[in-house]
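**Q** Please construct the entire structure, taking both the sequences and the accompanying hints into account.
There are 2 protein chains.
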Amino acid sequence: MLKRYLPFLEWAGGYNRDTLTCDLVAAVIVTIMLIPQSLAYALLAGLPAELGLYASILPLVAYTLFGTSRTLAIGPVAVISLMTAAALGNLAIQTSAEYLAAAVALASLSGMMLILMGIFRLGLCANFLSHPVISGFITASGILIAASQLKHILGVEAHGHNLVDIAHSLWQQRETTNLITLALGVTTTAFLFWVRKQLKPMLQSFGMSAHLADIVAKTGPVLAVMITILLTWNLDLIQIGVKVVGEIPTGLPGLSLPSWDLDLWQQLLTSALLISIVGFVESVSVAQTLAAKRRQRISPNQELIGLGTANIASSLSGGFPVTGGFSRSVVNFDAGAETPAAGAFTAVGIALAALFLTPLIFFLPQATLAATIIVAVLSLVNLGVIRRTWNYSKSDFAAMFATIMLTLLDGVELGIMAGVILSIMLHLYRTSRPHSALVGRVPGTEHFRNVDRHDVETDACIITLRVDESLYFANARYLEDRVYDLIMQNQQARHVVLMCPAVNLIDASALESLETINRRLSDSGVRLHLSEVKGPVMDQLKRSHFLDQLSGHVFLSQFDAWTKLHYTAPN
Amino acid sequence: MLKRYLPFLEWAGGYNRDTLTCDLVAAVIVTIMLIPQSLAYALLAGLPAELGLYASILPLVAYTLFGTSRTLAIGPVAVISLMTAAALGNLAIQTSAEYLAAAVALASLSGMMLILMGIFRLGLCANFLSHPVISGFITASGILIAASQLKHILGVEAHGHNLVDIAHSLWQQRETTNLITLALGVTTTAFLFWVRKQLKPMLQSFGMSAHLADIVAKTGPVLAVMITILLTWNLDLIQIGVKVVGEIPTGLPGLSLPSWDLDLWQQLLTSALLISIVGFVESVSVAQTLAAKRRQRISPNQELIGLGTANIASSLSGGFPVTGGFSRSVVNFDAGAETPAAGAFTAVGIALAALFLTPLIFFLPQATLAATIIVAVLSLVNLGVIRRTWNYSKSDFAAMFATIMLTLLDGVELGIMAGVILSIMLHLYRTSRPHSALVGRVPGTEHFRNVDRHDVETDACIITLRVDESLYFANARYLEDRVYDLIMQNQQARHVVLMCPAVNLIDASALESLETINRRLSDSGVRLHLSEVKGPVMDQLKRSHFLDQLSGHVFLSQFDAWTKLHYTAPN
Numbered sequence: 001m002l003k004r005y006l007p008f009l010e011w012a013g014g015y016n017r018d019t020l021t022c023d024l025v026a027a028v029i030v031t032i033m034l035i036p037q038s039l040a041y042a043l044l045a046g047l048p049a050e051l052g053l054y055a056s057i058l059p060l061v062a063y064t065l066f067g068t069s070r071t072l073a074i075g076p077v078a079v080i081s082l083m084t085a086a087a088l089g090n091l092a093i094q095t096s097a098e099y100l101a102a103a104v105a106l107a108s109l110s111g112m113m114l115i116l117m118g119i120f121r122l123g124l125c126a127n128f129l130s131h132p133v134i135s136g137f138i139t140a141s142g143i144l145i146a147a148s149q150l151k152h153i154l155g156v157e158a159h160g161h162n163l164v165d166i167a168h169s170l171w172q173q174r175e176t177t178n179l180i181t182l183a184l185g186v187t188t189t190a191f192l193f194w195v196r197k198q199l200k201p202m203l204q205s206f207g208m209s210a211h212l213a214d215i216v217a218k219t220g221p222v223l224a225v226m227i228t229i230l231l232t233w234n235l236d237l238i239q240i241g242v243k244v245v246g247e248i249p250t251g252l253p254g255l256s257l258p259s260w261d262l263d264l265w266q267q268l269l270t271s272a273l274l275i276s277i278v279g280f281v282e283s284v285s286v287a288q289t290l291a292a293k294r295r296q297r298i299s300p301n302q303e304l305i306g307l308g309t310a311n312i313a314s315s316l317s318g319g320f321p322v323t324g325g326f327s328r329s330v331v332n333f334d335a336g337a338e339t340p341a342a343g344a345f346t347a348v349g350i351a352l353a354a355l356f357l358t359p360l361i362f363f364l365p366q367a368t369l370a371a372t373i374i375v376a377v378l379s380l381v382n383l384g385v386i387r388r389t390w391n392y393s394k395s396d397f398a399a400m401f402a403t404i405m406l407t408l409l410d411g412v413e414l415g416i417m418a419g420v421i422l423s424i425m426l427h428l429y430r431t432s433r434p435h436s437a438l439v440g441r442v443p444g445t446e447h448f449r450n451v452d453r454h455d456v457e458t459d460a461c462i463i464t465l466r467v468d469e470s471l472y473f474a475n476a477r478y479l480e481d482r483v484y485d486l487i488m489q490n491q492q493a494r495h496v497v498l499m500c501p502a503v504n505l506i507d508a509s510a511l512e513s514l515e516t517i518n519r520r521l522s523d524s525g526v527r528l529h530l531s532e533v534k535g536p537v538m539d540q541l542k543r544s545h546f547l548d549q550l551s552g553h554v555f556l557s558q559f560d561a562w563t564k565l566h567y568t569a570p571n
Numbered sequence: 001m002l003k004r005y006l007p008f009l010e011w012a013g014g015y016n017r018d019t020l021t022c023d024l025v026a027a028v029i030v031t032i033m034l035i036p037q038s039l040a041y042a043l044l045a046g047l048p049a050e051l052g053l054y055a056s057i058l059p060l061v062a063y064t065l066f067g068t069s070r071t072l073a074i075g076p077v078a079v080i081s082l083m084t085a086a087a088l089g090n091l092a093i094q095t096s097a098e099y100l101a102a103a104v105a106l107a108s109l110s111g112m113m114l115i116l117m118g119i120f121r122l123g124l125c126a127n128f129l130s131h132p133v134i135s136g137f138i139t140a141s142g143i144l145i146a147a148s149q150l151k152h153i154l155g156v157e158a159h160g161h162n163l164v165d166i167a168h169s170l171w172q173q174r175e176t177t178n179l180i181t182l183a184l185g186v187t188t189t190a191f192l193f194w195v196r197k198q199l200k201p202m203l204q205s206f207g208m209s210a211h212l213a214d215i216v217a218k219t220g221p222v223l224a225v226m227i228t229i230l231l232t233w234n235l236d237l238i239q240i241g242v243k244v245v246g247e248i249p250t251g252l253p254g255l256s257l258p259s260w261d262l263d264l265w266q267q268l269l270t271s272a273l274l275i276s277i278v279g280f281v282e283s284v285s286v287a288q289t290l291a292a293k294r295r296q297r298i299s300p301n302q303e304l305i306g307l308g309t310a311n312i313a314s315s316l317s318g319g320f321p322v323t324g325g326f327s328r329s330v331v332n333f334d335a336g337a338e339t340p341a342a343g344a345f346t347a348v349g350i351a352l353a354a355l356f357l358t359p360l361i362f363f364l365p366q367a368t369l370a371a372t373i374i375v376a377v378l379s380l381v382n383l384g385v386i387r388r389t390w391n392y393s394k395s396d397f398a399a400m401f402a403t404i405m406l407t408l409l410d411g412v413e414l415g416i417m418a419g420v421i422l423s424i425m426l427h428l429y430r431t432s433r434p435h436s437a438l439v440g441r442v443p444g445t446e447h448f449r450n451v452d453r454h455d456v457e458t459d460a461c462i463i464t465l466r467v468d469e470s471l472y473f474a475n476a477r478y479l480e481d482r483v484y485d486l487i488m489q490n491q492q493a494r495h496v497v498l499m500c501p502a503v504n505l506i507d508a509s510a511l512e513s514l515e516t517i518n519r520r521l522s523d524s525g526v527r528l529h530l531s532e533v534k535g536p537v538m539d540q541l542k543r544s545h546f547l548d549q550l551s552g553h554v555f556l557s558q559f560d561a562w563t564k565l566h567y568t569a570p571n
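Here the protein sequences come in this chain order: A and B. According to our numbering, the first sequence is numbered sequentially starting from 1. According to our numbering, the second sequence is numbered sequentially starting from 1.
If you're looking for bench data, these hints aren't it; they were derived computationally from the structure. None of the values given here were measured: they were computed from a predicted structure. Be aware that a few hints might be false.
No copy labels: a pair is met if it fits in one copy or bridges any two.
What the hints assert, rightly or not - The calculated BS3-like cross-link candidates involving lysine-lysine, where the alpha carbons are at most 27 Å apart (straight line), are: (1) K542 - K394; (2) K534 - K394; (3) K200 - K293; (4) K542 - K564.
**A** Structure below.
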């Protein structure tokens with residue numbers, strides 16, 4: 001019981017020197033990777049760079065204590081930072097202090113929602129986000145993030161939370177492009193793409209092991225950061241208009257409670273919910289993929305609590321919403337992390353950076369961070385999945401397409417909401433015709449098969465309809481129509497048998513439809529029977545008056561129904 | 001084809017003197033019943049009484065041409081009038097001319113939506129409104145309408161679109177109660193209740209036929225109208241504060257286009273959608289019930305067009321939203337209407353009333369109309385269905401309860417929306433665990449049964465999971481968890497077979513889950529197989545890369561899978 005809520009008790013007992021070594025090595029590598037990422041994602045969220053570091057200390061410790069994945073690496077991630085920027089952009093905010101307070105409130109609200117969802121075991125809520133919607137959303141977000149970073153590459157002032165606004169804003173500012181910044185930004189972007197695509201094979205051709213080459217290639221952004229810092233400092237690029245991160249307060253964040261501003265919280269409610277769900281879905285799927293590789297187990301409901309406490313920890317230390325990131329978790333896993341302690345050691349690494357490295361970051365060009373982001377997020381853009389979804393299912397494609405277009409043209413919040421609503425609507429629409437078949441008896445047997453596909457025996461007085469799906473509100477009325485059509489076409493019919501071997505559920509709407517069918521058939525002089533009703537469904541039906549009103553019988557088997565009605569019916 | 005869109009062509013050919021007589025008799029009876037109802041529902045919608053008459057002329061003619069029900073009677077109905085009042089109450093409206101224009105715009109918008117839904121064959125959309133939600137909504141609306149009419153019975157000024165506001169408003173005005181109005185209102189209400197409950201048996205005991213007694217009893221409101229008009233006029237009750245309908249313009253409504261105010265239309269969009277769907281669901285269920293009694297057929301999609309043109313006709317003649325009403329349709333049916341021509345004759349009757357009877361209506365007390373409404377709507381209140389739903393299904397009850405409480409405490413729009421969203425959420429939640437069972441072979445046969453219920457043969461290397469439901473986004477991830485748990489518990493397992501005889505659909509999310517399961521099982525050295533996949537599902541899977549990646553095989557039958565894996569597997 002205690003282990004369920006404090007999962008670190010699971011592994012803390014068996015912790016030894018070997019695990020420590022593995023975790024420390026992984027922590028060093030992840031720390032190096034996380035420093036530029038944290039700074040970049042803070043800027044993406046519209047926040048001061050140091051907040052990225054603050055959001056990468058306490059949240060990691062919280063997840064170490066409450067998370068169930070052995071290798072998930074927590075911190076600011078691209079999509080959540082974009083959603084944070086969009087959420088805060090909706091507010092009528094005047095000062096940067098207000099903006100900061102709103103980011104902290106958002107982390108706090110999202111953390112509380114995640115914890116509540118965890119306590120009430122609502123991890124299943126994430127299921128409402130279908131795969132096509134989430135992958136469309138991630139692709140569109142990747143494009144949107146890359147576009148939003150172009151201003152740093154061009155060295156201009158621009159804004160906007162959708163592609164149209166960003167493009168318009170960039171176009172208006174085209175005259176003020178800073179060519180030195182542009183040269184720096186384009187070179188860094190090209191270098192990072194080269195590192196990502198070419199460095200690993202090159203290092204391997206020099207005889208480096210694949211594993212080591214991979215890890216060295218992952219440190220590319222750090223190299224870019226160091227080189228551009230040196231360049232900016234040596235050539236005094238600030239004088240010719242290259243924008244840098246600038247002064248960052250040295251030291252660790254102070255702890256404080258988020259502002260208790262009910263009005264602000266209410267405005268952030270929807271955004272916090274969307275951030276919580278998207279963050280959870282992303283994080284849990286990374287965690288599950290990694291856990292499966294080592295036959296480990298994660299618990300989705302406990303993950304909600306782990307992510308929730310991480311966000312609360314972030315807000316207490318003045319940070320913004322965080323979640324489990326894909327690339328850093330893979331690095332953590334590949335670098336050999338054995339337990340979540342690696343996360344705590346990473347937190348120590350980031351804390352040391354916040355204490356000692358911030359003066360060096362002064363000269364870091366914003367264009368370098370933008371290049372880091374662009375290269376990272378373009379790997380999120382997956383156009384292949386759009387084509388595959390189109391080929392597989394037009395209805396799933398429709399939900400995905402709506403998500404992508406609305407995210408790009410209006411923004412992340414409308415995009416994801418429209419996707420969720422549309423995919424639910426399409427699902428209900430798609431299931432609004434329950435699969436069913438008219439069946440007849442295979443001569444000489446007790447089997448009944450579809451009359452359209454098999455040569456079976458039927459009786460003009462008896463219509464037997466096999467229902468192949470659970471009956472619920474979205475398909476109940478269709479069943480009414482179907483039965484009614486059948487008796488209109490068979491004026492001789494005196495009995496309708498609904499054969500229910502695949503009906504797992506009859507909800508109150510479907511019950512009412514069955515009552516209506518029964519009543520209408522009675523009005524037309526036809527009796528309604530059921531056959532092969534499953535046990536739990538029968539138990540539920542017994543709690544209503546339907547069985548008392550039923551004009552016919554409930555038969556245990558369809559053969560039973562056939563024997564009674566076919567051989568003993570008056571005509 | 002032409003007959004599908006102009007259903008009157010179906011019956012117009014066979015029209016003869018007998019049908020004419022039947023339709024005329026029904027039209028006279030319905031006209032008498034409809035006059036007070038129309039006036040009352042216009043007042044309920046917050047509109048001048050004459051609009052009720054205007055909304056009962058052209059819409060009936062339009063439905064005669066485009067509707068498919070032979071006996072449905074169109075016009076203003078209680079719930080839709082309440083929703084109209086709520087929709088218009090949301091707007092910041094200054095003058096009564098603006099209020100009138102908004103009502104006309106609402107009818108026009110709702111008419112266009114219905115027609116569009118009909119053209120795109122979206123009649124199935126009505127299925128999203130589950131039975132518990134709609135019946136909870138109707139019950140709550142009945143209570144709300146009755147409460148809103150108390151002000152006329154008390155003779156005070158009050159307002160509000162939910163129970164709290166109405167009660168508060170009545171309480172504040174309690175000092176201004178007009179005792180004469182109260183006496184008149186209470187007496188009329190009591191009389192109407194007596195007519196409804198006692199008159200029919202009494203007339204029958206005097207030897208009148210049941211059918212005639214029923215029709216006479218239905219004319220009770222007309223009697224109340226006539227008596228109270230005479231009383232008010234004779235005793236000069238206006239002088240002592242009894243409020244009357246007052247001056248009504250004599251003559252027919254002029255035709256005009258609704259105002260083209262985009263801003264107004266946008267504000268009315270949600271309300272118009274809710275009114276359209278609720279109106280359609282109500283109307284179509286009445287139409288279906290009546291059609292079934294005579295083995296006639298209605299077409300839901302053509303009904304959308306019929307109701308849509310009726311609403312457009314209403315807006316062109318300065319009316320408000322209309323739909324098919326329950327009680328008047330039953331009267332029409334019982335009075336022997338044979339074709340929709342009865343509706344056109346009723347329209348003529350109402351037009352004559354608008355031309356000649358309006359001077360008489362001057363003295364009609366508002367309290368009489370309120371009493372008519374109260375007695376009519378309290379029959380909508382069905383508390384028994386609440387208990388029955390509670391007994392049958394807690395989840396359906398939750399959706400119904402939320403609908404009732406929010407409708408009463410906040411208003412109709414939030415009530416119905418919350419009900420729809422909650423019932424969809426609960427359905428997705430309820431189906432988020434697909435029904436599945438571990439199966440084994442019944443020894444010596446080719447049958448496979450649940451291992452928990454039957455004594456069957458299994459193999460520690462082979463896990464066979466029978467999936468009993470279609471796989472889609474809400475239950476796909478649960479399947480991932482289920483399979484993963486199974487192989488964690490059976491470390492010997494080398495094969496997982498998913499047996500899919502009841503899977504009618506695998507959507508893109510479920511496909512991705514299957515791919516994930518396949519990949520993760522491969523990582524753990526376990527092969528994934530499928531068996532008994534239905535034809536259409538197999539065809540769809542072939543359009544993806546899943547079958548190429550599948551680590552195992554697709555077996556036609558489970559017995560086939562068992563034979564291959566059990567007897568030939570290496571261990």
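**Q** Using 27 Å as the alpha carbon limit, work out where K534 and K394 are close: within a copy, between copies, both or neither.
**A** Cα proximity of K534 and K394: across copies only (20 Å, versus 34 Å in one copy).
**Q** How would you classify K200 and K293 at a CA-CA limit of 27 Å: within, between, both, or neither?
**A** Result: close within a single copy only, 23 Å intra versus 77 Å inter.
**Q** Given a CA cutoff of 27 Å, do K542 and K564 count as a within-copy pair, a between-copy pair, both, or neither?
**A** So K542 and K564 pass the 27 Å test inside one copy only (23 Å; across, 44 Å).
**Q** Are the CA atoms of K542 and K394 at most 27 Å apart within a copy, between copies, both, or neither?
**A** between (41 Å within a copy, 15 Å between copies)
In summary, the structure agrees with every hint in the numbered list given earlier.
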